[in-house]
Structure formats: C-alpha cells, structure tokens
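Construct the entire structure; sequences and hints are all you get.
There are 2 protein chains.
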Amino acid sequence: MLIVQKYGGTSVGTCERIENVAQRVINAKEQGNQVVVVVSAMSGETDKLVQFSQNFCHSSYPLPNPRECDVILSSGEQVTRALLAIALESKGYKAISLSGQEAGIVTDFMHTKARIEKIHTQKICTLLEQNYIVIVAGFQGATLQGEITTLGRGGSDLSAVALAGALRADKCEIYTDVDGVYTTDPRIEPKAKKIDRISYEEMLELASMGAKVLLNRSVEMAKKLNVNLITRNSFSENEGTLITREENIMEQPIVSGIALDKNQARISIIDLNDEPGIAAKIFESLSKVSINVDMIVQTIGRDGKTDLDFTIPKTEVTQAQQVLQDFSHLFEKLEYDCNIAKVSIVGVGMKSHSGVASLCFKAMAQENINIMMIGTSEIKISMIIEDRHAQKAVRALHATYQLDQ
Amino acid sequence: MLIVQKYGGTSVGTCERIENVAQRVINAKEQGNQVVVVVSAMSGETDKLVQFSQNFCHSSYPLPNPRECDVILSSGEQVTRALLAIALESKGYKAISLSGQEAGIVTDFMHTKARIEKIHTQKICTLLEQNYIVIVAGFQGATLQGEITTLGRGGSDLSAVALAGALRADKCEIYTDVDGVYTTDPRIEPKAKKIDRISYEEMLELASMGAKVLLNRSVEMAKKLNVNLITRNSFSENEGTLITREENIMEQPIVSGIALDKNQARISIIDLNDEPGIAAKIFESLSKVSINVDMIVQTIGRDGKTDLDFTIPKTEVTQAQQVLQDFSHLFEKLEYDCNIAKVSIVGVGMKSHSGVASLCFKAMAQENINIMMIGTSEIKISMIIEDRHAQKAVRALHATYQLDQ
Numbered sequence: 114m115l116i117v118q119k120y121g122g123t124s125v126g127t128c129e130r131i132e133n134v135a136q137r138v139i140n141a142k143e144q145g146n147q148v149v150v151v152v153s154a155m156s157g158e159t160d161k162l163v164q165f166s167q168n169f170c171h172s173s174y175p176l177p178n179p180r181e182c183d184v185i186l187s188s189g190e191q192v193t194r195a196l197l198a199i200a201l202e203s204k205g206y207k208a209i210s211l212s213g214q215e216a217g218i219v220t221d222f223m224h225t226k227a228r229i230e231k232i233h234t235q236k237i238c239t240l241l242e243q244n245y246i247v248i249v250a251g252f253q254g255a256t257l258q259g260e261i262t263t264l265g266r267g268g269s270d271l272s273a274v275a276l277a278g279a280l281r282a283d284k285c286e287i288y289t290d291v292d293g294v295y296t297t298d299p300r301i302e303p304k305a306k307k308i309d310r311i312s313y314e315e316m317l318e319l320a321s322m323g324a325k326v327l328l329n330r331s332v333e334m335a336k337k338l339n340v341n342l343i344t345r346n347s348f349s350e351n352e353g354t355l356i357t358r359e360e361n362i363m364e365q366p367i368v369s370g371i372a373l374d375k376n377q378a379r380i381s382i383i384d385l386n387d388e389p390g391i392a393a394k395i396f397e398s399l400s401k402v403s404i405n406v407d408m409i410v411q412t413i414g415r416d417g418k419t420d421l422d423f424t425i426p427k428t429e430v431t432q433a434q435q436v437l438q439d440f441s442h443l444f445e446k447l448e449y450d451c452n453i454a455k456v457s458i459v460g461v462g463m464k465s466h467s468g469v470a471s472l473c474f475k476a477m478a479q480e481n482i483n484i485m486m487i488g489t490s491e492i493k494i495s496m497i498i499e500d501r502h503a504q505k506a507v508r509a510l511h512a513t514y515q516l517d518q
Numbered sequence: 114m115l116i117v118q119k120y121g122g123t124s125v126g127t128c129e130r131i132e133n134v135a136q137r138v139i140n141a142k143e144q145g146n147q148v149v150v151v152v153s154a155m156s157g158e159t160d161k162l163v164q165f166s167q168n169f170c171h172s173s174y175p176l177p178n179p180r181e182c183d184v185i186l187s188s189g190e191q192v193t194r195a196l197l198a199i200a201l202e203s204k205g206y207k208a209i210s211l212s213g214q215e216a217g218i219v220t221d222f223m224h225t226k227a228r229i230e231k232i233h234t235q236k237i238c239t240l241l242e243q244n245y246i247v248i249v250a251g252f253q254g255a256t257l258q259g260e261i262t263t264l265g266r267g268g269s270d271l272s273a274v275a276l277a278g279a280l281r282a283d284k285c286e287i288y289t290d291v292d293g294v295y296t297t298d299p300r301i302e303p304k305a306k307k308i309d310r311i312s313y314e315e316m317l318e319l320a321s322m323g324a325k326v327l328l329n330r331s332v333e334m335a336k337k338l339n340v341n342l343i344t345r346n347s348f349s350e351n352e353g354t355l356i357t358r359e360e361n362i363m364e365q366p367i368v369s370g371i372a373l374d375k376n377q378a379r380i381s382i383i384d385l386n387d388e389p390g391i392a393a394k395i396f397e398s399l400s401k402v403s404i405n406v407d408m409i410v411q412t413i414g415r416d417g418k419t420d421l422d423f424t425i426p427k428t429e430v431t432q433a434q435q436v437l438q439d440f441s442h443l444f445e446k447l448e449y450d451c452n453i454a455k456v457s458i459v460g461v462g463m464k465s466h467s468g469v470a471s472l473c474f475k476a477m478a479q480e481n482i483n484i485m486m487i488g489t490s491e492i493k494i495s496m497i498i499e500d501r502h503a504q505k506a507v508r509a510l511h512a513t514y515q516l517d518q
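For the record, the sequence lines run as chains U and H. 458 is the number that our numbering gives to position 345 of the first sequence; each next residue is one higher, with no gaps. 192 is the number that our numbering gives to position 79 of the second sequence; each next residue is one higher, with no gaps.
Just so you know, not all the hints are guaranteed correct.
If several chains are the same, the list does not tell them apart, and a pair holds so long as it fits within one copy or across any two.
[Said to hold, decoys possible] Capping the alpha-carbon separation at 27 Å, the derived lysine-lysine pairs in BS3-like fashion look like this:
1) K231 with K304
2) K236 with K226
3) K464 with K336
4) K493 with K204
5) K161 with K505
6) K375 with K418
7) K226 with K207
Just so you know, these hints were derived from the structure itself, not from any lab.
Right, here's the structure in full:
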C-alpha cells in the first residue's frame, strides 16, 4: 500500500515526540508499505514568528508583506521535516526530506493563503521506488516562478490530502492528539462514541465538531480526489475514524452525530417591505463583503410586510449591521441576538428514513427547549435554540438517536 | 556606489536590533547608493537547531545527515532576511529578500561546508535597477540541482564578499559588535589602536587577532576578488577598518600590528638521525592526517644527529604523537610543550625596512624573555616564547614599534 501520513504541530513538538513519530512511520514501512510523511512546524513556532514580524507593523503599515511572511512561515516546517528525516536515518532507514517546492506542490500567487494548482509527483515516485521514506514539509508550496507560498489555516492537512490524491495513495492518515471524530463533543456528552466510518458529506455537515480534527477545506479536497482520510491519535494505538465515500460504508446509521455551533448570531429584520427581490438584494450586499449567511427563515408576509431572520458568524455582526443600514428605509426594525446556538443532527441514513425530524422536535419539547429557527438538508436537521440550552439539547438528541450504544 | 553590507547574528538578535540594522541600511540608501544586505541567523538560533538534530545521534549514527543538516541550518537566515525586508518596507522602502539560491549563489555538493562555485547576479542586478534594497540570506547557497547547502564557519561573511566580488561592489561592509581591527588585542594592551587601513596580506598574517572579526577564508576571497572589505561596529558610528590592496594604502607603517596565538604547542624530536629526506617523511605523515605544522626549526646536525622542533595546534598533539611513533626507531626522544605562545609582528613596511627584527629581539631581551623559536616571512616575524610571558611580550612590542601613537 501507499500511505500518506500527516503529523501536526503537537506530534512533533519535542525530540521525544519526533522519535515517537519516527517509530510510527517505521511501523507502517515495516508492514511493507510505501510511506510519504507530511509534517507541520513545532506547535507554537509559527505563532512566535508571526508575532515577531508583526512587531514592525504600525498604522500606515498594518500588515507585513505577504511574500516575506511566507518566507518566514515556511521556515518551521523546514526544520521539522529535516529533523524527522534525521530521526529515521538514525534508526537505519532510508529517508529524505523535501520542501513543498521539491515535492512538486505548485500553488497560485495568493501568499499566506495560496491554493494548490497542481502536484508534480515524479520526484516523490522516484524516491519511493528507491525505497526512501519521503518526508514533505506541510503547509507550503511554490509558484511556478519558484516563490515560496503557504496554504493558510489547516494547510498541512491540505498538503497531505492533495499529495495522497495526486499519488493515488491507498489512505491518508491525519495524526493529531485526539482519537478521531466523535458522535458529539465528548466535553458536552461524556457518553459520546468515536465513529469508525463516516461519509465525506456527513463530515462536512459535522464541521463545527470536526473542525477540532479537520477543516472542511481538507475534507472537501479528500472528497473531490476520492482520498480515504483517516484521523488518528499519534499518542495512542486506536484505529481512528475513516472518512470515505458513502458507498464504502456498509452499515449506515440513520444519525451519525450531533453537532453544536456556538459561533453564530441571529439577525432579525422586522417588518421588511414584502416586495420581490428585496431579500436577494440584502443577501447580495452581505456576500459582497464576504459575510457568510448560514440559516435563513422568512415568515409569510401580511399587510405587505414580512420578517426575515438569518444567522451569520458572531464576528461579523457589526459589519452586517453597517451593510443593512443601506436598507433601513425598507424595514421597521433590526434586531440581533448573539446568545444562540445551532444544534444539528447529521446522518446520511436520513435520506431513506422518515420520522427522524419528528423525533428530534419531540426531544426538544420534552426538555422544554424552544426552537427559534429550523433548517433542513438531505442529511441534516439544524435548530437554532437559546445558548443556555445548548448542552441539554445535545445530550437529549444524543440519547434520542441512541448514539451512546 | 554599490555597497554590500553584512550583519552578523548579534546585530539581528532582537526586533530592536533589526530596526537598527534597517536604519543603517536606509542611511546607505539615502546617500544615493544601491544596497545589497547579507544577514546571518539570530545569534544562538543555529546552535540551538544543531543541538536538536544531534539528539538523534548515537554510537552507530554519530553525525546527522549533512543534507538534512543544511536544510535545518539554513532556516535561521530564512527568518532574518524576511524580517529585515518587512522592517524596511514598514519604513517605506522597497525591499525584497532572497534565499541563497534565489540570489544565484551556486555551490559544490559538500553539505555543511560547501564552496561557492559561481554567482549568477542577474536577478539581484534587475532588482537593484528597480530601486529595491535586496536582502540575501547569508551562509547558504544551492547546488546546480537545487539542493540547499551551507558554507560552514564564517559563511555569511563569505556570502557577502563573494556577492560584492560578483557584483563589482564598491565596498563590502562587515558589521559585527567590534569597531574593527586593532594593532593588537585590546584586552592585552589597552593602548591598542584601531587600524584605519590594512592590506589583505597583513590581515591574513594577523589571523589570530583578526579571527574575532573576520576569518581568513573571507579575507582570502576578498583578496582574490579585489573587494574592498570594511569591518565595522553595527552599534556605533565609528569608521571601522578598511582591508584592501597594498597599493590603496598611502602611508604604510613599518609594523601594522602584533598578533598573539596561544593555541600552538611545540613538538621536539631530539637526536633524530640526520639523513636526507627524514624530515620530509615526518611532515608528509603529519599532513596526511591533516595536522597543520606552523613553524619549523632544525638545528645543524652533529655526530649524524639533529634536533627537529615544530609547532602544531594544541588540539592535535595526541594525534601527532601517534603518527610520530612510526618514526621512533629514528630518534632518541620526543618532547612536547603546550605552555608556549606565538607572538608575531606584522607589517608590509618590513619589506623595505631593515632593522625591524633586531628591534624586536632587543625588546624581548630587555624584558628578559627567552625566544625558543624564530620564524620570518616577508611581512612577519614570529617568535615562540613561554606562555606566561605572552602579555608582557605583546605590550613591549606594541610600545617598541610605537603602535600606541
């Protein structure tokens, strides 16, 4: 098998931990696999360097030059990749470390948040054939002109998934310090169970939960490139969670997990003129300033007026209010509420099962929790409730769908 | 003018110090010059990384892989060069930072101690024409195949001198935390004076003194490429010392400086068979194991026997004794003395002045210092004396040649 493994910052934070990573890599190699390893910088190193570069900023130079930032940001992975190669060599294995550029990762020009455009795999393939363990610096690539770029948040995961896709690897293992994806956040419901297999689509819907182990950007790329993605704990022998195509999951439960998102705020536009195209104009204006609208509910109009409720990230409330000022002649009142939470039930099985929704509304009723907004998709039911009920709601739903069994 | 400036690790050790460097660079730029800046890693960073990589070594893997070492070693300069570019940009100047490879520095394959083979200056020239201040990571280059290499000890100075030569720069300023080259070590003779101008040849002979500001490797390259080299203090406005061709120095003093070397040991082979070719064989054997023999004195033979005295670095005494065992059938006794010092008087003016030597012997006699060995070259007189007299000898010679005036 050809395996791509990715180790995050906490997994390579000290010499002992790098030794531990080396041992895991060797285990995979000894099982007869070809192994490509993607590493992050030591945790904390990148932040330290960013802060350093920001010391030179002031009101008329608010941000350091992105090109130079990428030169600095990519230095952390440069150290860890070489250290891991040395650790593997010291244990008697053939190992070689490559920069993103050497690994053939070609990106666009968007410094500090570049997108991978292409991966030239020839060099890695040749080295694998020569029995090398190939270590690649995560988070970085280079433009066609050879300028170093970095891939933004979660960039090392992305490097690993993209390499796995380009190399047609049998699996891509993402190592962090948690065991995998859980049916819900174990800090909220201690009875939460690790999920063995989950589809890309469910994983994307569980984003708010999954973000702790994997960003949507990587899951989306895995889905697109059909990469079998596994999130595992680098400090334990547990199996982890396989994120794969729906077809690869034999026994599909109706509900796979309960997600909780406390980062949304609700905006209510009250008594908006109920004319065609007004909502479209409002949402267009918000999208122009890159505000992500999540759930939308519009009441049925009466007397030529309607109420429009929607949710956006809490951090964007101020900006949204400014945008909405332009429409103030069209509505009566603008309200916002930051004390909300979004609880979602996610499961591919919903598609073919009825009664899933009614079960969850019943559970909320039993707990005396008022549902402010409801949104549904093929594999998800989301509810906006009061913030203070969040934990109770998650636990009730977890029990209702017997996820603890 | 086109100026190459090089700043060492202590000059870029903190944000404030990088600001200070940026201001110096701007001053040079504002005077209408084109400026190329070579920077080292922050002091301590490189050592820290080397230690880290050595943690993986053990008896059967004594040294980390040199290729991977170079990847790690070159990361320090990657950070400082980008930080300086950001600092300059934040002050409103056009600046761009380049890796050794981007700067066109091509080296051989000897990882961790590579030699510069060629410099392709086109990229730097284009950037200078576009009014950029160009910052180059010191200490590093790349092979023709694009593998990162480092240049070994004093490598950043070497980068600067080689770039100055290739760019035909008007001068190459090496910034450290001392004011320049002194007539002798000021810790030994507080009356020591900073030298304004000195020839390459004298600088090379003053190595033991000069090593604190500049390694011979850089001076040799400056001489070869005809680079006007200036060592200056990055924390003061003092002029520094210009190291240049002899012809460029108008008023050449007879003696430029007094050097002291306490790292030599004397080996004495007593009653060696006085046969032709024996000395040659001995020194050949020593050179085969890379022992640098410095001064050699052979007494006139009598009764078919002779005494052979020479000096070598103290650290190589044990190894030398082992080599000399092979010749033990040819001599009576082997002695060594680590309590010696070499005092040297250096000056291009000696070539055309007589009486320089007799003055120095007289000074030693007046101080009651016994001279064990004497060696001379066109521009140097060296004496081996007892270690304990070293300071007294240096001060006496400094006064004799009126270097304090």
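Hints not upheld, ascending by number: 1, 4, 5 and 6
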